[in-house]
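Q: Sequence:
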Amino acid sequence: MPRIERSARLVWEGNVARGAGTITAGTGAFAGLGYSLPTRIGQPEGKTSPEELLAAAHGGCITMSLASELTQAGTPPGNLHVSCRIVMDEVEGRGHQVVASYVDAIAEVDGLDDDALRAAFEKADEGCPFSQLLRAAGVELHLSARRA
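Per our numbering, residue 861 is the first one in the sequence shown, and the count goes up by one each step.
In short, the hints are calculated from the structure, not lab data. Treat the hints with caution; some may be incorrect.
What the hints assert, rightly or not - Listed next, the in silico SDA-like pairs over lysine to any residue satisfying Cα-Cα at most 25 Å (straight line):
(1) Lys-983 <-> Val-999
(2) Lys-983 <-> Arg-863
(3) Lys-983 <-> Val-958
(4) Lys-983 <-> Ala-997
(5) Lys-907 <-> Arg-869
(6) Lys-907 <-> Ser-867
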């Protein structure tokens, strides 16, 4: 696989408590996603957060990895429905930290039993760079997969 580089541009106005910012993808895939401290720690009110973007990144990575593992095993998926939830919490002496990622996958795959799905999901997790990054940072990963 070639070297991959992606970027985002961020603009922030004001102090952290009352300020607000926007996030724009370097590719143009999304632009002007709003974020702020009140919507990060409270109700989102239609805005995003770094944690939500991390959940999307981890979920997207492991979904693609699972599709690859299933295809290589000769059982390409019809559909994969994956959710990812990132949890940030106060860690004594370290402030707020990302402490967990919960990934739940539902696979519509013909000719695949539960054991084979679990094995493919474990390999997908091992092959997902975001899973590796989170584990190296001490984040707990909770993974579940089931057939539709």
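Q: Run the structure past the numbered hints and jot down the numbers of the failing ones, going up.
A: Those not satisfied: there are none.
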